[in-house]
Amino acid sequence: MTHLLSLLVVIPIAGLIPLFIFRRDAGAAKQVAITTTAVELAVSLWMLTQFKVGEPGFQLVERVDWLPSLGISYLVGVDGISVLLVPMTTLLTFISVLYSSGGAIKTRITEYMTAFLLLEVGMVGVFVALDLFLFYVFFELMLVPMYLIIGIWGGPRRIYATLKFVLFTLAGSLLMLVGIVAVYIASADISGSRTLSLPDLLELRGRFSADFQFWVFLAFALAFAIKLPMVPFHTWLPDAHVEAPTAGSIVLAGVLLKAGGYGFLRFGLPLFPFGVQAWLPLLILLSVVAILYGAIVSAVQKDLKKLVAYSSVAHMGFVTLGIFVLNLQGGVGAVLQMLNHGFVTGALFLLVGIQYEKTHRRMIADLGGIANIWPLFTTFFGVFVLASLGLPGLNGFVGEFLVLLGSFKFSGVPLGGLFWGPAAAIGVILAAVYLLWMFQRVMYGPAREAYRALPDMSRLEIACALPLLVLTVLLGVLPQPFIAYIEPSLDRVIRLATDPSFTVLAFR
Amino acid sequence: MSDVTAVYPEIIVTAVAMIVLVVDAVLDRRRAPTALPIITIAGLVVALASVFNVVPAGQYFRGFVTIDAFATFFRAVFIILAIFAAAVSPAYLARRMVPAGEYYAIICFSTVGAMTIALSADLITLFIGLETMTIPIYVLAGIQRSDRFANEAALKYFLLGAFSSALLLYGFAWLYGVAHATDFVTIAGVLTSQGIANGTTIVALALITVGLGFKAAIVPFHQWTPDAYDGAPTPATAFMSVGPKAAAFAAILRVMVGALGPLSVDWSAMLAVLAALTMTGGNIVALAQTNTKRMLAYSSIAHTGYILAAVAAAKAGPSAGAAVLFYVFAYGLMNLGAFACLLYMDLEGTRGATLDELNGFARRQPLGALAFAVFLVSLTGIPPTIGFVAKFVVIQPVLDAGMAWLAVVIALNAVLAAFYYLRVVVHMYMYEPEGKVPRLIPGRGLSISLGLASLAVVVLGILPNSIYEWAREAALPLVR
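Protein sequences appear in the order of chains R and P.
Throughout the first sequence, residue numbering follows the working numbering, covering 1 to 508 in sequence.
Throughout the second sequence, residue numbering follows the working numbering, covering 1 to 480 in sequence.
Keep in mind that the hints were calculated from the coordinates and are not lab data.
Backbone N, C-alpha and C define an ideal beta-carbon position, used for all residues, glycine too.
One or more of the hints may lead you astray.
[Claimed, not checked] What the simulated footprint calls covered on chain R by chain P, stretch by stretch (three residues with Cβ under 8 Å from a Cβ of chain P suffice, anywhere in the stretch; the number is not a length):
no., segment
1, 65-77
2, 168-175
3, 180-190
[Stated by the list, open to error] Subject to a maximum C-alpha distance of 35 Å in a straight line, what follows is the list of computed DSBU-like cross-link-like pairs (lysine-lysine):
no., chain 1, residue 1, chain 2, residue 2
4, R, K358, R, K106
5, R, K358, R, K164
6, R, K164, R, K52
7, R, K106, P, K436
8, P, K156, R, K164
9, R, K106, R, K164
Throw the hints in and build the complete structure from the sequences for me.
See below:
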């Protein structure tokens with residue numbers, strides 16, 4: 001079966017047809033969306049089994065001429081970096097749809113499910129596209145559904161939040177479009193034929209002069225830095241997260257942010273080694289600032305959801321730090337951290353949403369004593385909080401540890417790894433402070449009378465959270481199988497990024 | 001005989017206009033509103049088919065007319081836009097008592113003019129085409145005679161239009177003085193032999209740029225646009241914003257690239273600056289609008305800037321011409337569609353809907369709102385729509401010509417534009433229909449044409465290859 005990846009792109013689109021037929025029936029719409037995302041999840045897991053671990057190149061590649069007159073093709077494939085992100089995406093989408101069908105969304109169900117299926121096309125597409133044009137199409141395809149999800153089903157300040165989200169993201173990605181076209185033009189050979197296919201570009205990246213890379217990497221980096229988001233482009237994130245409906249937050253934090261980190265690894269690093277070198281000091285600085293700033297700002301948040309949102313900024317700081325220390329430990333740590341953040345922060349947003357649905361309060365000061373009334377909820381919440389702060393035995397530890405290890409070994413920028421590594425490590429301590437303090441204020445103390453009668457997690461809610469819990473523990477206890485997926489491909493990316501003369505022919 | 005065969009499409013469109021006028025005169029008052037658009041559309045479809053009934057490429061009418069892939073492309077685009085405009089109009093015209101016979105006939109006459117521009121090989125043919133196209137549009141702008149704004153629109157448009165025609169003609173006269181000929185090939189030859197531009201050619205170039213700048217609504221020659229667009233009946237605005245604009249670019253390409261190509265060193269930097277001014281000016285003023293019709297008017301100025309950027313990048317070769325043609329086609333489809341979506345609103349006068357009047361439109365007219373949203377997303381330039389591909393193919397020659405700054409200006413402008421386009425979506429989808437929202441006109445024909453057009457915007461956004469191929473082929477005759 002060589003069409004697995006195209007199948008993954010097509011399934012959600014196919015789901016739109018029954019959704020349109022049953023557009024007047026909210027119940028049927030839910031069923032269709034759940035079935036579609038479940039099938040998508042199953043196919044993505046099957047794809048995982050078809051992937052040959054240990055090979056660095058792209059696998060399951062499909063290529064169809066798309067715009068032959070411009071030399072642009074529909075080219076998809078996965079390697080060790082993207083192969084794990086795809087099932088993560090499908091799982092989080094499935095959980096989001098499942099949770100939303102439980103009653104969290106009350107109006108315009110069909111439109112909501114349509115938006116989610118379209119969003120899934122974009123998210124899966126971003127991780128499998130190997131042609132820059134195709135990548136851009138999917139990258140932008142994520143934008144409109146999320147804009148609608150926040151803007152229609154969001155909280156009171158949803159319109160401000162959603163416009164801010166779209167305009168920030170669009171500003172970055174349109175500059176990236178200019179960068180993409182610049183790459184396209186620079187790819188011309190003597191005969192004048194041009195390409196945007198990543199494997200071809202990797203072969204001929206020697207044509208990109210250092211000066212060219214300086215500017216084009218900047219254009220790409222801006223798009224990814226806004227998406228990720230890196231400080232100082234993060235200001236859209238707390239607004240978008242706070243106003244988004246729960247499922248929107250799960251997918252936004254779990255998947256959309258990853259598109260930025262993934263973009264650096266897939267395109268930024270391998271294509272522009274000189275560009276990376278030129279901007280490296282700034283990128284490292286911003287990463288460490290994000291880790292510390294995110295942690296400090298999280299500590300003072302009064303709103304539970306906003307706290308989780310700001311903690312994302314810090315976690316994404318670890319991702320970029322791991323990417324830009326340009327060694328294997330850091331890179332593997334960054335990819336693991338992306339997966340971890342998807343599962344853990346996705347789960348935290350889910351739990352905060354569940355909690356809000358019951359109490360209609362999100363201010364930490366209004367909560368308290370929840371441990372007394374909801375033991376099950378507290379257990380789940382506790383595990384994810386501990387994973388988020390990096391407790392050994394849970395997944396957060398593995399990623400952050402590898403990133404820190406990589407950054408201690410790193411010497412490419414002023415002050416060296418022995419300054420930036422410890423600086424980032426302070427962030428881990430701060431994370432423990434704000435997360436445990438939050439946990440204490442929310443869970444312990446006297447329970448409020450008003451909440452006593454409220455039920456603990458329902459079966460549906462448990463079903464949503466349980467897979468994430470299992471993965472959190474599994475990744476923490478047994479990271480090696482996951483690392484085995486990532487390592488060979490990442491090794492190649494690092495070599496491409498650190499050695500401008502390194503070329504891989506027949507990159508497949 | 002072959003001379004006449006070459007202009008069959010123009011003859012057919014003229015005939016359609018005449019037939020419409022006669023039928024309008026003899027037909028029962030009650031049957032006319034349904035019969036006239038059907039006759040118009042059927043006739044235009046025949047004309048469209050005749051466009052592809054190819055005569056050999058070459059010069060006709062002793063070198064006054066040239067038939068090439070470029071002419072074919074633009075003729076087809078003009079007819080498609082006229083069909084689209086005729087299809088969305090009936091309900092609105094009936095509601096506002098606009099004389100339907102005149103309306104459809106005017107659209108056909110104007111289309112003939114536009115087609116004449118496309119096939120011109122001579123300054124004289126081009127000028128006749130330009131006037132044949134514009135004079136009906138003056139009438140169209142003022143066709144709602146009792147409305148004050150329509151009168152203002154028509155008068156403003158007429159005065160400035162006449163003024164710009166005079167400038168253009170004066171420029172042509174200077175050019176004739178230099179080359180002692182009016183056909184493009186000879187002019188280009190003389191200019192090439194002269195080498196660098198001298199005082200006389202600079203004057204000609206400046207006058208022609210200003211004249212064509214008025215027609216295409218390039219900043220700072222755009223002042224007539226918002227008022228004319230705003231005061232004209234909305235379906236007329238929809239047509240005015242695309243047909244004549246496309247024709248203006250056909251003229252710009254024929255004159256600037258065809259005849260004045262040897263001077264491209266002189267005009268390309270100037271056009272690049274004008275393009276940047278045009279897109280930025282249009283977008284910034286559009287940001288401040290609360291009336292969607294006026295906002296779309298300014299946004300169409302901004303799009304002029306994007307197209308002009310591709311013209312300015314002419315030295316990038318055929319990809320620049322292809323970009324202009326592709327963008328013109330994409331713009332025609334999405335901008336006409338966006339204006340036509342306002343036709344659902346039953347408002348007094350020629351006014352378009354304000355943002356608040358669009359509140360909850362998605363609940364009241366789900367498919368109309370969806371089409372509107374698709375057009376707006378496409379105008380913003382977000383995939384998978386044709387508007388995105390158009391942006392891509394425009395940025396490409398601009399960078400190829402070494403104008404990276406202009407590419408960045410285009411990108412930043414698209415972000416500005418996103419703000420006001422998406423604000424419309426916000427009002428349609430994210431607010432409830434409360435307060436004073438206008439009644440909606442039930443228009444089956446309108447919904448069908450908008451549905452088809454929005455489908456085309458998406459499908460051609462995903463599979464743009466055939467159109468791009470066609471545009472590139474059509475741009476080839478311009479490059480010598």
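We went through each hint and held it up to the structure:
Only residues whose C-beta sits within less than 8 Å of a C-beta in chain P count toward coverage, and the segment 65-77 of chain R has 5 of them, enough to reach three; the restraint holds. Chain P is given as covering the segment 168-175 of chain R, and this holds because 4 residues of the stretch bring a CB closer than 8 Å to a CB of that chain, at least three being needed. Look at the segment 180-190 of chain R against chain P: 4 of its residues bring a Cβ nearer than 8 Å to a Cβ of that chain, three or more, so the hint holds. For the given pair, K358/R sits about 15 Å from K106/R by alpha-carbon distance, which is consistent with the 35 Å threshold.
Taking the CA atoms of K358/R and K164/R, the gap is near 29 Å; set against the 35 Å cutoff, the hint holds. The suggested pairing of K164/R with K52/R is violated, with an alpha-carbon distance near 42 Å, which exceeds 35 Å. Between K106/R and K436/P the CA atoms are separated by roughly 26 Å; this keeps the pair inside 35 Å, and the hint holds. At most 35 Å may separate the alpha-carbon atoms for a hinted pair to count; K156/P and K164/R exceed this at roughly 39 Å.
For the suggested pair K106/R and K164/R, the alpha carbons sit about 25 Å apart, so the restraint of at most 35 Å is met.
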